[in-house]
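Q: Below, each chain spelled out in residue letters.
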Amino acid sequence: MSEVNKSRRDFLAFSGKAGVATLVAQAAGINLGIVDVVKAEAGGKVDPFRFAIISDAHLYSMDNHKFDQQLIDAVNKVNSMNPKPDFVLFGGDVAQNGTEDQLVKGAEILAKLEMPMKIIPGEHDWYLDMGEAWRGLFGDETWSFNHKGVHFIGLNSILVEDFWTPAGLSPKERMTVMEMLESPIPGPWGVHEKQLEWLAKDVKDLPPSTPIVVFTHSPLWDYYPRWNFQTSDAPEIREILSKFDNVMSYHGHVHQTLYNRIGNMSSVAAMSTSWPWPYPPVELAYPETRMNRADPSIATDGQGVQLINLSENFEGLVEYKPFEDSLTPFMQDGFKV
Amino acid sequence: MKTRIAIRRALGIGGIAVATVVAGTVFARAPFTEAELQQQMDTLYGVIQTGYDLWHGSEPSMTSNGLACANCHPDTAASNPQTFPKYQTMYGKVVPWQEMVNWCIENPQLGERLSPESDQMTAMKAYAMYLHRGLPIEPGLASEQTAAVPVAFGTGFKREPTGLGVDTREYTPERR
Ligand SMILES: [Fe+2]
Ligand SMILES: [Fe+2]
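Sequence lines, in order, name chains A and B.
So for the first sequence, my numbering puts the first residue at 1; every next one is plus one.
So for the second sequence, my numbering puts the first residue at 338; every next one is plus one.
Among the clues, some could well be false.
No farther apart than 20 Å at their CA atoms in a straight line, the calculated lysine to aspartate or glutamate pairs in the EDC-like style are these [stated by the list, open to error]:
{"hint": "1", "chain 1": "A", "residue 1": "K148", "chain 2": "A", "residue 2": "D205"}
{"hint": "2", "chain 1": "B", "residue 1": "K430", "chain 2": "A", "residue 2": "D162"}
{"hint": "3", "chain 1": "B", "residue 1": "K495", "chain 2": "B", "residue 2": "E475"}
{"hint": "4", "chain 1": "A", "residue 1": "K172", "chain 2": "B", "residue 2": "D390"}
{"hint": "5", "chain 1": "A", "residue 1": "K66", "chain 2": "B", "residue 2": "E443"}
{"hint": "6", "chain 1": "B", "residue 1": "K423", "chain 2": "A", "residue 2": "E239"}
{"hint": "7", "chain 1": "A", "residue 1": "K112", "chain 2": "A", "residue 2": "D86"}
{"hint": "8", "chain 1": "A", "residue 1": "K194", "chain 2": "A", "residue 2": "E173"}
{"hint": "9", "chain 1": "A", "residue 1": "K194", "chain 2": "A", "residue 2": "D245"}
{"hint": "10", "chain 1": "A", "residue 1": "K66", "chain 2": "B", "residue 2": "E449"}
{"hint": "11", "chain 1": "A", "residue 1": "K172", "chain 2": "B", "residue 2": "E396"}
{"hint": "12", "chain 1": "A", "residue 1": "K204", "chain 2": "A", "residue 2": "E239"}
For the record, the hints were derived by calculation from the structure and aren't laboratory data.
With the rest of the complex left out, here is chain B (with noise of 0.2 Å):
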């Protein structure tokens, strides 16, 4: 709650009457500071931008076809990423994301599977899941395509150019 709250200001929103909240709050131990939250939030975005780069090609281990997530999932919509774990036929058992994008990369993709404790596939999950923030959780849910946040234009985040996907446009993601 702390941390949802801290990271809120950190992102400008609830202004003063958050900042009350926050005040008036015991904490165990001091808050992270402003420049701490920012330093989180911007390791975050690197490594959304990370699964970004990795979703639209950037590892060639991962397709031997030249296929990557992106041809059939922009915006990874219908990737589905809050409705994991759930049961998945090509498994005949309850699996989590990391394996349903194992088997795009092994299947459709006929490339090398990833760890799932990698830190790329850790990057293509924040990714994801932050392509459907504020989206409800809904395990199992199999026979509906979910799609993500839509944005007008941009990337919904921060992102350097890097030759691949570049955002050359100001954008500010919404914020709740």
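Next comes chain A alone, as it looks inside the complex (with noise of 0.2 Å):
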């Protein structure tokens, strides 16, 4: 506990430094980098490594769409970093209609990365075929996995109870009413009865020092549920991964950074690869991670992939990278607190 409010502290300290370099990089007009790191209690179990997100393709049917240039541009970023991530964590929203061409699409492109990936579905990628085809080109959304001492989980966030048989929708009726992120229809996602026994079983013989990262579409704190910038029973899911040191949370969905923290769970979000969102009317506990305004003549402004490195103490750094590549070395670098 004392080192859950000291790694607080140390964010709070640190949070100083980045309110003056993202001033800084309002006055010259460019983008924003954040850093942000979590310490965990126990030391010495993780072999050093790191691991990048990309978030958030959108990608349209349509040939030579500028989405489908800016997730080759993604994807490239990821590919020239140097030391290369041990692997991708893909965010959801790979296609905007949910089409099979558009899933098709972004696997080609994401095939190009030179390292594993793994992904769980968005909204925009499940409600036209309820997921046939994105399980047909990515397997199953609900997954765990080792990786140097870090005991990964990937839970499908998106799923809504039916509202499309009583009202006798079609299901591209249905996806248009989930592409709509004020859609009023639908009500809250969450992950669900199912999937939330699963994680208990998955978690069940860990133990409480065991690093965790788990990874969903949409974040696990209410941000802001009118955008479904919420998961219905992230409550139960922080219950579930209550006794652990130390849990990181990733998540896509809201095209923007952010950074939270509830009890032994720190949140942090994906910048997209397709457009940024404004932020909602909600007061942030860390404003800090807000970015700048997106300027829309840059069409790739606010936009990006983010960096994660995890320290052999559970410690991450957190990179965003954005697209407009005018942060400071300090900033692009990351750095320790």
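With the hints in hand, could you dock these two chains into one complex?
A: So, in structure tokens, the structure goes:
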């Protein structure tokens, strides 16, 4: 507990510096880099490594769409990292309309990654055929694996109750409803009972000192439910994972830089490769992790990829790597506190 | 003033106090009847709904790459209608909100601009302004993103099912 508090102090101490860096970036009209450090209680368990996150490509069906190139740029950006990340997590929303051609196009671009990839679905991938094409291309959407001492968990967090059968909607109409961020119909998403049971079983025998990374499309906290910047059963997930010393949650869907911490869980959002979203009218606990207002006249502003370095103490160094390559070396390289 | 009070009456706020004020006011002409006011509001809501549809991509000419206003501006967030007219760097001059909408149609959406005077543009403005109702008018505010008035669910306005953004829940917008 004291270590958790210490980590919060460290973060806040750091955020003073981040504030300065962000202000400098703002004055120069450039983009944001945020570095976040998360400390763990137990040490010496992790064989240090780095992984990357790419998220929210939202590919359309037409040829040579600008989002195709933006995803290719993201793949190239990760491939050119030195040293290379051990693997890549993709945060969902490969496709815009959930069609097979869009998912196939995404899979083909992502196949150019020079390291393995694990992926979880976003709502845009899913609701045309309820995940059939996605599963055919990417496999199971609920998974876990161990890597160099860290237990990684992936969950499908975009499940909703059946609203389409009573309304008599076609698959395409169902997809249209789900494509709208502010759609009033589907209600809040979650991982639902079956995955909660799976999760409880998955971590049952792991000791509390096990470093845990959990990966979902939507954030595991109530950020802005109207846009499904939430997971309705996140409290249950956090409860199941509460026995661990330190849990890192990474997620997509919000198309912006964002950090939060609840109990033993830190939560970090991924930028998209397609478009940035404005911050909703919500007060943030860590407002210094907001990125600058994106400039609409720079088509790739406010988008990019992220790189996470895990130390032997399961200390995370998160680096946002925006497309607009305009950060100071200090912010580009990241730093420890 | 007369109209606003009358609209508030039509919306059911203010109750007896408002009614008293109205009764005690000398009108140059008879106020609108309840039925007339209802009809006016219904017409406005209809236009807002059209704006909502256009914002979410109902007009194919507005895009050639599939992008709609709502891709980047859910709930019209960060479209900042209450901050226009203002200086826009892409124009190098002060432009109205409608012109910024046309910039987005022509650039990120690669579509055909609308006439600023068109019913379609009016509808989109009605939608954006409705979601920003009550927020202070701050012409020129450029460095901050502003967000629409949050609503718990629903669209924030009456909505008939059309297949696009069907609002199946009961929703009463908060009224001031
Ligand atoms: Fe997304
Ligand atoms: Fe999403």
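Q: The structure should be examined with respect to each hint, and the outcome stated for every one.
A: Hint check:
no.	hint	in the structure
1	A:K148 <-> A:D205	18 Å, holds
2	B:K430 <-> A:D162	50 Å, violated
3	B:K495 <-> B:E475	27 Å, violated
4	A:K172 <-> B:D390	17 Å, holds
5	A:K66 <-> B:E443	15 Å, holds
6	B:K423 <-> A:E239	49 Å, violated
7	A:K112 <-> A:D86	15 Å, holds
8	A:K194 <-> A:E173	26 Å, violated
9	A:K194 <-> A:D245	25 Å, violated
10	A:K66 <-> B:E449	18 Å, holds
11	A:K172 <-> B:E396	18 Å, holds
12	A:K204 <-> A:E239	13 Å, holds
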